[in-house]
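Asks: One letter stands for each residue in the lines below.
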Amino acid sequence: MELAAILTLDVLNGVASLILLCTGLAIIFGMMRIINLAHGEFLMLGAYATVVSANAGVNIWVAMLVVAPLFVGAVSLVVERCLIRFLYGRLVDTMLATWGLSLFIVGLVTTIYGNTIQGVPTPLGGFSIGAYRSSLYTLFLVAMAALLLAAVWAVLRYTRLGLIARATMQNPNMAAALGVSPNRVYMATFAVGAAITGLAGGLLAPVSGVVPTMGAAYVAKAFITVVGGGSAILAGTASAAGLFGFINQMAAYLTTPVFGEVTLFVSAIILIRVLPQGISGRFFGRSL
Amino acid sequence: MRISRRDVLKTTALSAAGLLASPAILRHGALGADDPILVGSLHDQSGPIAATGVPMVASLQLAIEEANAAGGLLGRPLKLVHYDTQSTIQMYSQYAQQLALKDKVAIVHGGITSASREAIRPIFDRFKVLYFYNTLYEGGVCDRNIFCTGTTPAQTVEKLVPSAMKDWGKKAYIIAADYNYGQITAKWMTKYVQDNGGEILSTDFFPLDVTNFGPTISKIQAAKPDIILSALVGGNHTAFYRQWASAGMKKEIPIASTTFGLVNEQTTLDAQESDGVLAAYGYFEELTTPASTTYLKKLKDKFGADIPYISEIAAATYEGFYLWLAGAKAAGSLDRMKVIEALESGISFDGPTGKVVLDHATHHATRNAYLGSVKDRHFSVVATYEQQPPSDTAAVCNLIDKPTDNQQYVIKV
Amino acid sequence: MTGSHLAKLAQAAALAAAIAAVAVMPQEVEIFDLMQYTLFAAMAILALSLGFIWGFGGILSFGQTAFFGLGAYAYAVAAINFGDSTGAVALAVLVPAGFALVLGYFMFYGRISDVYLGVITLTVTLILFNLVNSTAGDEYRIGAAALGGFNGMPSIPGLNAPGNPDYVLDPEELWFVTGGALILVYVLLRLLLASRFGRVAVAIRENETRAALLGYDPRLTKLAVFVVGGGIAGLAGCLYANWGAFVSPTIFSLALSAEIIIWVTVGGLGTLIGPVIGCVLIQYLVAQIGTQQAFNSNLVLGVILIAFVLLLRKGLVPTAQDLGGRLIALLRRRAGRTAESLGALKEAE
Chain Z
0 MELAAILTLD VLNGVASLIL LCTGLAIIFG MMRIINLAHG EFLMLGAYAT
50 VVSANAGVNI WVAMLVVAPL FVGAVSLVVE RCLIRFLYGR LVDTMLATWG
100 LSLFIVGLVT TIYGNTIQGV PTPLGGFSIG AYRSSLYTLF LVAMAALLLA
150 AVWAVLRYTR LGLIARATMQ NPNMAAALGV SPNRVYMATF AVGAAITGLA
200 GGLLAPVSGV VPTMGAAYVA KAFITVVGGG SAILAGTASA AGLFGFINQM
250 AAYLTTPVFG EVTLFVSAII LIRVLPQGIS GRFFGRSL
Chain C
0 MRISRRDVLK TTALSAAGLL ASPAILRHGA LGADDPILVG SLHDQSGPIA
50 ATGVPMVASL QLAIEEANAA GGLLGRPLKL VHYDTQSTIQ MYSQYAQQLA
100 LKDKVAIVHG GITSASREAI RPIFDRFKVL YFYNTLYEGG VCDRNIFCTG
150 TTPAQTVEKL VPSAMKDWGK KAYIIAADYN YGQITAKWMT KYVQDNGGEI
200 LSTDFFPLDV TNFGPTISKI QAAKPDIILS ALVGGNHTAF YRQWASAGMK
250 KEIPIASTTF GLVNEQTTLD AQESDGVLAA YGYFEELTTP ASTTYLKKLK
300 DKFGADIPYI SEIAAATYEG FYLWLAGAKA AGSLDRMKVI EALESGISFD
350 GPTGKVVLDH ATHHATRNAY LGSVKDRHFS VVATYEQQPP SDTAAVCNLI
400 DKPTDNQQYV IKV
Chain Y
0 MTGSHLAKLA QAAALAAAIA AVAVMPQEVE IFDLMQYTLF AAMAILALSL
50 GFIWGFGGIL SFGQTAFFGL GAYAYAVAAI NFGDSTGAVA LAVLVPAGFA
100 LVLGYFMFYG RISDVYLGVI TLTVTLILFN LVNSTAGDEY RIGAAALGGF
150 NGMPSIPGLN APGNPDYVLD PEELWFVTGG ALILVYVLLR LLLASRFGRV
200 AVAIRENETR AALLGYDPRL TKLAVFVVGG GIAGLAGCLY ANWGAFVSPT
250 IFSLALSAEI IIWVTVGGLG TLIGPVIGCV LIQYLVAQIG TQQAFNSNLV
300 LGVILIAFVL LLRKGLVPTA QDLGGRLIAL LRRRAGRTAE SLGALKEAE
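Protein chains in written order, with numbering that gives the first Met the number 0: chain Z, 0 to 287; chain C, 0 to 412; chain Y, 0 to 348.
No lab work stands behind these hints, which were simulated from the structure alone. No experiment lies behind these values; they were computed from the predicted model shown. Here a beta-carbon is modelled for each residue, glycine too, at the ideal position from N, C-alpha and C. Hints may be right or wrong, so weigh each one.
Computed beta-carbon distance windows for the label pairs [claimed, not checked]:
1. Z:Asn-170 <-> Y:Val-23: 48 to 54 Å
2. Z:Leu-69 <-> C:Asp-305: 52 to 58 Å
3. Z:Ala-145 <-> Y:Phe-105: 33 to 39 Å
4. Y:Tyr-283 <-> Z:Ala-149: 48 to 54 Å
5. Y:Glu-205 <-> Z:Leu-160: 35 to 41 Å
6. Z:Ala-176 <-> Y:Ala-306: 35 to 41 Å
7. Y:Gly-86 <-> Z:Arg-32: 41 to 47 Å
8. Z:Gly-161 <-> Y:Arg-312: 32 to 38 Å
9. Y:Asp-169 <-> C:Ala-304: 43 to 49 Å
10. C:Ile-399 <-> Y:Val-23: 46 to 52 Å
All chains should be modelled from the sequences, with the hints used to inform the complete structure.
Replies: This is how it looks when you write it as structure tokens:
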């Protein structure tokens with residue numbers, strides 16, 4: 000019974016991590032169809048921002064929830080103005096540019112901070128379910144993932160900003176004709192998506208090994224989840240993260256972590272084959 | 000302000016040309032000095048493995064500097080020819096060919112992962128360039144053209160496991176990285192646990208890019224072991240120790256590891272996450288012998304900020320260089336076979352780790368092993384084992400009987 | 000001479016020049032540079048495979064490394080087992096092509112396209128990485144060949160003269176084979192593109208629905224294109240395994256996959272010579288960057304790539320073609336004006 004509870008928590012943790020990882024990417028990809036190969040590096044920058052500021056004395060919660068997203072959001076604005084802006088609609092070139100950007104960011108962080116850096120321990124402590132112990136932080140992560148989804152949904156659904164964003168996503172020309180500047184929407188979306196990714200990086204910093212190359216472990220899974228989810232930003236990402244997270248964690252528990260990884264990949268292939276437009280191509284068609 | 004494309008292209012081209020030409024310029028200038036002996040270096044200075052590679056190159060540079068200050072080798076100065084292999088196997092093969100065919104170096108020190116070593120070992124065999132591999136690994140390489148100076152499981156795991164079992168208990172749970180080194184180390188851990196009357200509850204392997212250890216931590220709790228034996232490798236696997244501590248398990252079940260510290264885990268983790276972890280290596284920075292403190296001081300003075308912690312791997316590189324130097328001096332020449340024969344005659348060196356002796360039959364090193372326990376983000380050395388022979392490789396490799404042997408054996412544990 | 004005659008003559012001349020370059024190279028350069036060029040040629044064939052299926056077939060594959068790696072491993076296993084490399088080379092092409100057939104059928108007949116296809120191909124190469132990485136024990140053997148897991152397979156037997164297993168090719172001869180293979184693949188692809196099949200493939204890339212409405216089966220054509228690309232990548236893998244005599248699971252990595260895309264993009268998508276040039280240039284740059292210690296290698300390469308994308312929008316070859324075209328137009332105008340002014344002078348007389 001307690002084991003079941005712990006396992007459920009593990010699965011939720013896996014799903015929550017995927018949601019945090021993917022939401023930013025889903026926004027950027029869903030809005031602008033840009034394959035951002037520097038996604039892992041935005042994550043890493045968020046983690047580094049948290050770690051550096053926390054070690055410099057900033058309160059850990061502020062470092063995670065405020066400093067990380069703001070920093071990465073600011074960086075992404077610079078990137079957008081100087082680089083991405085020229086490449087809208089040019090899928091091929093954005094891949095080249097973001098790949099170069101990812102190399103550049105890794106190189107820059109390594110040059111400034113070296114190959115390893117002192118990290119931050121997990122705040123909060125543990126708690127017990129019967130004979131098993133788990134971490135309060137995993138509960139926090141699950142809560143944050145849910146909160147993030149709710150916040151993004153609320154903004155998209157109820158605010159004018161969200162309305163403009165959705166309109167531009169559906170039909171940029173029409174939106175332009177109605178007085179919205181698509182370029183500014185893209186800039187804002189890119190920044191918001193990156194800020195969310197930075198937040199994810201900050202949230203994951205206390206439970207990861209923070210090194211300049213940490214982004215590489217997340218990129219592939221993030222892409223697979225986002226594309227598997229389809230074009231609906233929230234419903235797609237949430238459902239894909241839920242499905243893949245569940246499969247991955249269960250397979251890892253029941254067999255071995257290697258098998259867990261392979262199972263996730265295989266199920267992604269099968270999913271995309273069965274639902275060629277992703278999950279939200281078939282279900283949740285008109286939702287966000 | 001409108002910068003024309005032409006201007007940017009021009010400046011970019013000029014600076015790129017300058018950047019590309021600089022090695023040529025530098026090398027040209029240096030060769031103006033009297034015909035130096037070239038020492039090749041193949042280490043990763045960028046990418047995921049750079050954390051290990053950077054201190055190794057620093058050690059090598061220090062050793063070469065000292066050797067030059069002491070008069071060089073055979074009356075000639077020594078010069079480092081270093082290439083950054085960028086954590087990519089293809090670059091290892093490419094630069095190995097370059098060192099052998101273009102630069103024509105006298106000796107190569109390099110290779111970090113076993114994969115990189117296996118990529119370049121045949122190249123140096125083929126083009127007859129002596130090669131020193133200074134990184135700790137899983138053992139089994141049998142090749143007369145290579146000398147492996149790092150520790151192998153028989154030297155470290157054999158000491159770690161009984162010590163952990165004596166202090167903590169008989170039931171062990173193994174977690175290891177899912178590749179050759181992790182898998183073979185896990186087999187050795189199993190053997191030594193069973194040899195000491197214990198039992199292995201489970202062995203779990205993790206791909207190198209796994210960052211979420213939640214299910215495993217639950218499994219471990221369900222199994223209720225007395226000890227965790229860890230052979231996790233790399234920055235991503237550091238997450239285990241974090242997640243383990245955050246679940247509050249740190250105080251419940253102790254950890255012994257043969258890899259903890261290789262990516263500076265003890266400096267990157269907090270004291271509450273790492274205190275008490277037991278590790279075994281051929282060297283700890285915290286050793287207080289005069290040889291160690293002098294080496295450490297010189298290294299930190301020269302490279303300080305770049306190298307947060309000196310592990311066995313950096314110290315072994317330093318000693319590997321001096322061993323070769325001793326061999327070349329004893330041979331009185333740079334001829335490869337003469338140096339090999341000299342090195343097989345029982346060359347030893349007293350280095351930061353203690354006395355290191357090259358073994359003729361295996362071309363591996365008999366060296367000291369130390370046990371260290373993490374305290375306050377440093378290791379404190381708790382046991383010393385003098386002159387441990389490379390018995391695992393000795394079980395499969397005998398170059399005296401079969402000098403043309405040329406492969407890595409998978410040692411049956 | 001008409002424009003197309005001129006073009007054909009230029010092509011023939013270029014081909015002759017390339018063949019001459021391959022033949023003469025060993026005398027002109029040192030052995031190390033020759034081996035370096037052999038590597039470049041093998042990677043250029045890999046670049047061609049993606050350049051073909053993406054630039055002309057419209058298939059963005061994030062997993063060409065899957066076929067590259069399968070070709071390398073197939074060659075290694077077969078060469079060790081057969082003792083003669085001739086069959087091994089055949090397997091190195093057929094195994095990836097067969098895999099491409101299965102995967103392609105799975106994808107194209109499921110009407111999977113653009114980004115989704117990219118993700119599936121990426122996932123496939125990652126699965127292969129994880130699977131091959133786990134084969135570290137001695138029990139993982141195919142015949143006499145131990146797969147070696149993460150440590151890879153060292154000392155892969157080199158190519159030997161067909162039918163004569165004792166005559167192993169030396170670096171010069173390996174260069175002839177690899178350089179020759181590059182030229183051969185390029186010519187074959189050109190011929191393929193000029194054929195009816197090639198034109199249909201391009202038509203499908205341009206507008207799949209229109210091509211389907213005109214009666215062509217896009218799925219079959221794309222499958223054929225994908226299989227050809229897979230086979231070529233396999234050949235590249237075989238030659239790569241010969242160059243380095245080593246293969247390990249990192250050949251399936253995302254990093255190399257992305258690099259192939261970068262080569263094609265830098266060189267120019269939609270051309271055949273573009274990927275070759277892009278590949279050689281980037282490979283050369285990366286090798287040079289590793290020789291300097293002033294800056295972190297990733298930093299330098301990142302800056303160069305960003306500069307490329309900002310300054311050379313279409314890729315090297317199309318930009319060069321543009322510049323060439325503009326130059327010719329400029330010369331024509333000058334010639335025209337000179338003729339005009341001469342004519343005016345004449346009239347004035």
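Asks: The structure should be examined with respect to each hint, and the outcome stated for every one.
Replies: Okay, the hints, checked on the actual structure:
1. Z:Asn-170 <-> Y:Val-23: 48 to 54 Å: violated (59 Å)
2. Z:Leu-69 <-> C:Asp-305: 52 to 58 Å: The hinted range 52 to 58 Å is violated for Z:Leu-69 and C:Asp-305, with Cβ atoms some 30 Å apart.
3. Z:Ala-145 <-> Y:Phe-105: 33 to 39 Å: For Z:Ala-145 and Y:Phe-105 the Cβ distance comes to about 36 Å; the hint holds.
4. Y:Tyr-283 <-> Z:Ala-149: 48 to 54 Å: Since the Cβ atoms of Y:Tyr-283 and Z:Ala-149 sit about 51 Å apart, the hinted range of 48 to 54 Å holds.
5. Y:Glu-205 <-> Z:Leu-160: 35 to 41 Å: With Cβ atoms ~38 Å apart, the hint holds.
6. Z:Ala-176 <-> Y:Ala-306: 35 to 41 Å: holds (36 Å)
7. Y:Gly-86 <-> Z:Arg-32: 41 to 47 Å: holds (45 Å)
8. Z:Gly-161 <-> Y:Arg-312: 32 to 38 Å: About 33 Å separates the Cβ atoms of Z:Gly-161 and Y:Arg-312, which means 32 to 38 Å holds.
9. Y:Asp-169 <-> C:Ala-304: 43 to 49 Å: Holds, since Y:Asp-169 and C:Ala-304 (Cβ atoms, about 48 Å apart) stay within the stated range.
10. C:Ile-399 <-> Y:Val-23: 46 to 52 Å: Holds, since C:Ile-399 and Y:Val-23 (Cβ atoms, about 48 Å apart) stay within the stated range.
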